[in-house]
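Protein sequence lines, in the order shown, are assigned to chains A and B.
Counting in my numbering, the final residue of the first sequence is number 372, and the numbers go up one at a time with none missing.
Counting in my numbering, the final residue of the second sequence is number 372, and the numbers go up one at a time with none missing.
FYI, nobody ran anything at the bench for these hints, they're computed from the structure.
Remember, it's a predicted structure, so these values are computed and weren't measured experimentally.
Mixed in with the good hints, there may be bad ones.
[Claimed, not checked] Quick look at which bits of chain B chain A covers, simulated, 3 or more residues with Cβ under 8 angstroms: (1) 40-52; (2) 68-75; (3) 119-127.
[Stated by the list, open to error] If the Cβ cut is set under 7 angstroms, some of the chain A residues that face chain B in the computed set are: (4) Ala12; (5) Met17; (6) Asp18; (7) Gly35; (8) Phe39; (9) Gly42; (10) Leu285; (11) Gln296; (12) Pro325; (13) His330; (14) Pro339; (15) Lys342.
[Claimed, not checked] Take a look, some chain B residues computed to stay more than 10 angstroms from chain A by CB distance: (16) Ala156; (17) Gly163; (18) Gln169; (19) Tyr273; (20) Thr274; (21) Glu278; (22) Arg282; (23) Lys295; (24) Thr327; (25) Arg338; (26) Pro339.
Backbone N, C-alpha and C define an ideal beta-carbon position, used for all residues, glycine too.
2 protein chains.
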Amino acid sequence: VGGGQLGKMLLADARRMDIACHVLDPAADAPCALGAHQFTRGSLTDYDTVLAFGRTCHTVTIEIEHVNVDALAQLEAEGIPVFPQPAVLRVLQNKITQKAFYDAQGLATLPWQAYDSLADLQQAVAAGSQPLPFVWKSATGGYDGKGVAVVRTPDALEGLPEGACLAEQLADIQRELAVVVARTPEGQMACYPTIEMEFDPEANLVRFVFCPAQVHFRAHEKAYALATRTAEALGVVGLLAVELFYTTRGEVLINECAPRPHNSAHFTIEAAYTSQFEQHLRAILGLPLGSPALKQPAVMLNLTGEPGHSGPATYEGLARALAEPGTSLHLYGKAETRPHRKMGHITVVAPTRRQATRIARYAHEHVRVVDL
Amino acid sequence: VGGGQLGKMLLADARRMDIACHVLDPAADAPCALGAHQFTRGSLTDYDTVLAFGRTCHTVTIEIEHVNVDALAQLEAEGIPVFPQPAVLRVLQNKITQKAFYDAQGLATLPWQAYDSLADLQQAVAAGSQPLPFVWKSATGGYDGKGVAVVRTPDALEGLPEGACLAEQLADIQRELAVVVARTPEGQMACYPTIEMEFDPEANLVRFVFCPAQVHFRAHEKAYALATRTAEALGVVGLLAVELFYTTRGEVLINECAPRPHNSAHFTIEAAYTSQFEQHLRAILGLPLGSPALKQPAVMLNLTGEPGHSGPATYEGLARALAEPGTSLHLYGKAETRPHRKMGHITVVAPTRRQATRIARYAHEHVRVVDL
Chain A
1 VGGGQLGKML
11 LADARRMDIA
21 CHVLDPAADA
31 PCALGAHQFT
41 RGSLTDYDTV
51 LAFGRTCHTV
61 TIEIEHVNVD
71 ALAQLEAEGI
81 PVFPQPAVLR
91 VLQNKITQKA
101 FYDAQGLATL
111 PWQAYDSLAD
121 LQQAVAAGSQ
131 PLPFVWKSAT
141 GGYDGKGVAV
151 VRTPDALEGL
161 PEGACLAEQL
171 ADIQRELAVV
181 VARTPEGQMA
191 CYPTIEMEFD
201 PEANLVRFVF
211 CPAQVHFRAH
221 EKAYALATRT
231 AEALGVVGLL
241 AVELFYTTRG
251 EVLINECAPR
261 PHNSAHFTIE
271 AAYTSQFEQH
281 LRAILGLPLG
291 SPALKQPAVM
301 LNLTGEPGHS
311 GPATYEGLAR
321 ALAEPGTSLH
331 LYGKAETRPH
341 RKMGHITVVA
351 PTRRQATRIA
361 RYAHEHVRVV
371 DL
Chain B
1 VGGGQLGKML
11 LADARRMDIA
21 CHVLDPAADA
31 PCALGAHQFT
41 RGSLTDYDTV
51 LAFGRTCHTV
61 TIEIEHVNVD
71 ALAQLEAEGI
81 PVFPQPAVLR
91 VLQNKITQKA
101 FYDAQGLATL
111 PWQAYDSLAD
121 LQQAVAAGSQ
131 PLPFVWKSAT
141 GGYDGKGVAV
151 VRTPDALEGL
161 PEGACLAEQL
171 ADIQRELAVV
181 VARTPEGQMA
191 CYPTIEMEFD
201 PEANLVRFVF
211 CPAQVHFRAH
221 EKAYALATRT
231 AEALGVVGLL
241 AVELFYTTRG
251 EVLINECAPR
261 PHNSAHFTIE
271 AAYTSQFEQH
281 LRAILGLPLG
291 SPALKQPAVM
301 LNLTGEPGHS
311 GPATYEGLAR
321 ALAEPGTSLH
331 LYGKAETRPH
341 RKMGHITVVA
351 PTRRQATRIA
361 RYAHEHVRVV
371 DL
């Protein structure tokens, strides 16, 4: 369910192993429109569409959380394996239920407060019961830096979307980390090495991903422990990407989770013994998990649409990036670029993280996604 | 031109980089029927079919040598880039012109003698002018162990196909090696590390491929020198797979060449910074070559149809193989198995060649391609 770039990369591993895939996506030119055994155009959020689609499948999975979970639950009730399970999606689809779950399970996360509407939050700020500064997060619909805002003054709330939201304490963050864990129906788990993310300060988008993360080994231990405890608490089958804050005080706290392949682990295609996409397929299809260890360190650079450019996409500077050793190019096949839209990525694998970083930063200087 | 497993793996890298491919193959269920931007059913050896197909393309390449070269030459004359060039294919398509080329260029190869027909060869043996033993090779049509036979007695010639052939001196072979080299239109070259092949003694098929090869560094040097000199002499653009004999006397001699991605370098998908398929695309599309170095050592195991089994294919023991660390499965998507038919392969990547070898041999013990 979903035919974007995550689906496209999943299809690549499925095709390698000759696993037939049927994909549902509303866009005729979705990245998955090519390469699926069957491609159906349709809404991901419409009950009947998702139900009818799922009934054609042996096993159902998702590449995006914003789907009709009631339809998935019905498919599960009909005996069709659905991974991640609808119950897991219900918890994670909404940031309020997600945070409440962490608290209930004793999984370390930043203090927060839920509000039914933006107006309620504004009132609490005015009344002084909600201290400033904080991070506003929309309960639903957030992705790629949308649905999140740092609020330092009451004015900053103006213009934010209405609707249920939460206010999270602003942490003193040293690094943003992620651990991607795979879990089988029998509860076997495998964790990729801790990932470090570097954000584009303007777009609030991940610019670079580094693996392994350069943090104290105790931070690695805490990150693994938190990720595996979360996967167990959810009982998720398939991948769980756990985004983490590593604070200046040395705490490791859950930011948020996604029960699917994740941008932070795209580098595993080239750098790990088993890519996250193959690992997801292995987990949901009852195959043994593969080794999540690295062949070599890696850095990934997201290629996003240049601000100020919208329209048919073209790529500048690719040949310069590809001339550097260890660079692999992924273009998602999206016809149109828009500011900050994820259009592709470059993975750099090298014997040392330092060398991979140098090349990835060089590529970032030279590659631009612009309109024709 | 050609839609088999080599094409399927080429499509995977092309799709990753969003390069659109149009594939020609006679079989409706060819491995490339899925995943190509366009798939045309048609004969690879028919002049008009190949010409019409090529005229729809920006650049034309092949994944099999047995194609209509006259049509490719016409496309080249019309200004469409064709790589490998038709002139290269003409030399290599026929084993007699291929061996004559090596001799003319001073490229070390085993002594040989051409015959216009099997009858001529039989006559020469009877007359004593062709000493026994020797290796019979059909001038055309040989692949996957077909078109080659060791002849130790005159009787062994009985039942061999008619037609032009050559008799090659039987060498005292220590190892069979291969070097795959990529060459750009500007003459830039990049060699993968020397590959070592282990054959199934019964089927005369490659069973295992090891990289790096465990041979004296002088053998590596000779192998690289011979491969790059051959690529230069041919002026080939794209990949050239050079199969080599390493004799007990320490000589390195050309066995034969193929101007395309090659079974011996499938392991580069997982083990090298740049896969042979991406390297071929880079070379023929005017992109800079990628690094051919290894991330880690690798061993590849060909999965071929079990003798005595023909019909709809199924695979036994895959889960046991996949439970071992560093194993990657490739199934080519061929519906029917036949004895010794190439159905897929498993690549094992590990920190040491010894470890990869152990796992590959374990996989060979457990995986079987049989009929349903």
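Against the structure, the hints come out as follows:
Residues of the stretch 40-52 of chain B lying with their CB closer than 8 angstroms to a CB of chain A number 0, which falls below the three-residue condition for coverage. For the stretch 68-75 of chain B, the stated coverage by chain A is not satisfied: 0 residues place a CB nearer than 8 angstroms to a CB of that chain, which falls below the threshold of 3. With a cut-off of 8 angstroms between beta carbons, the stretch 119-127 of chain B has 0 residues touching chain A; three or more are needed, and the interface restraint is violated. Hint status for Ala12/A relative to chain B: holds, with the closest Cβ pair at about 6 angstroms, below 7 angstroms.
For Met17/A, the interface hint holds, since its Cβ comes within 7 angstroms of a Cβ in chain B; the closest pair sits about 5 angstroms apart. Because the smallest distance between the Cβ of Asp18/A and any Cβ of chain B comes to about 4 angstroms, under 7 angstroms, the interface hint for this residue holds. The beta carbon of Gly35/A comes within 5 angstroms of a beta carbon in chain B, closer than 7 angstroms, and the hint placing it at the interface holds. Annotation: Phe39/A was flagged as interfacial toward chain B, and the flag is violated, the nearest CB pair being 11 angstroms apart, outside 7 angstroms.
A least Cβ separation of about 21 angstroms between Gly42/A and chain B goes past the 7 angstroms threshold, and the interface hint is therefore violated. Look at Leu285/A: its Cβ only gets to about 10 angstroms from chain B, farther than 7 angstroms, so that hint breaks. Against a cut-off of 7 angstroms between C-beta atoms, the interface hint on Gln296/A holds, since the closest Cβ of chain B lies about 5 angstroms away. Given hint, Pro325/A at the interface with chain B, holds; its Cβ is 4 angstroms from that chain's nearest Cβ, closer than 7 angstroms.
For His330/A, the suggested interface contact is upheld, since its CB lies about 5 angstroms from the closest CB of chain B, less than 7 angstroms. Interface hint status for Pro339/A: violated, as the beta-carbon distance to the closest one in chain B is roughly 20 angstroms, over 7 angstroms. The beta carbon of Lys342/A is not positioned within 7 angstroms of any beta carbon in chain B (closest approach about 14 angstroms), and the interface hint is therefore violated. The Cβ of Ala156/B sits about 39 angstroms from the closest Cβ of chain A, beyond the 10 angstroms cut-off, so the non-interface label holds.
With a cut of 10 angstroms on Cβ distances, Gly163/B stays outside the contact zone with chain A, its closest approach being about 36 angstroms. For Gln169/B, the condition that its CB be more than 10 angstroms from all CB atoms of chain A holds, with the nearest at approximately 41 angstroms. At the 10 angstroms boundary, the C-beta of Tyr273/B falls inside the reach of chain A, the nearest C-beta of that chain being 5 angstroms off. Residue placement check: Thr274/B does not keep its beta carbon more than 10 angstroms from all beta carbons of chain A (closest about 8 angstroms).
The beta carbon of Glu278/B sits about 8 angstroms from the closest Cβ of chain A, which is not more than 10 angstroms, so the claim that it is off the interface is violated. Not every CB of chain A is more than 10 angstroms from the CB of Arg282/B (nearest about 7 angstroms), against its label as outside the interface. The Cβ of Lys295/B sits about 4 angstroms from the closest Cβ of chain A, inside the 10 angstroms cut-off, so the non-interface label is violated. Here Thr327/B does not stay apart from chain A, with its beta-carbon only about 7 angstroms from theirs, under the 10 angstroms limit.
No Cβ of chain A approaches the Cβ of Arg338/B within 10 angstroms, the least distance being about 17 angstroms, so the stated non-interface status holds. Residue placement check: Pro339/B keeps its beta carbon more than 10 angstroms from all beta carbons of chain A (closest about 20 angstroms).
In summary, the numbered hints that this structure violates are 1, 2, 3, 8, 9, 10, 14, 15, 19, 20, 21, 22, 23 and 24.
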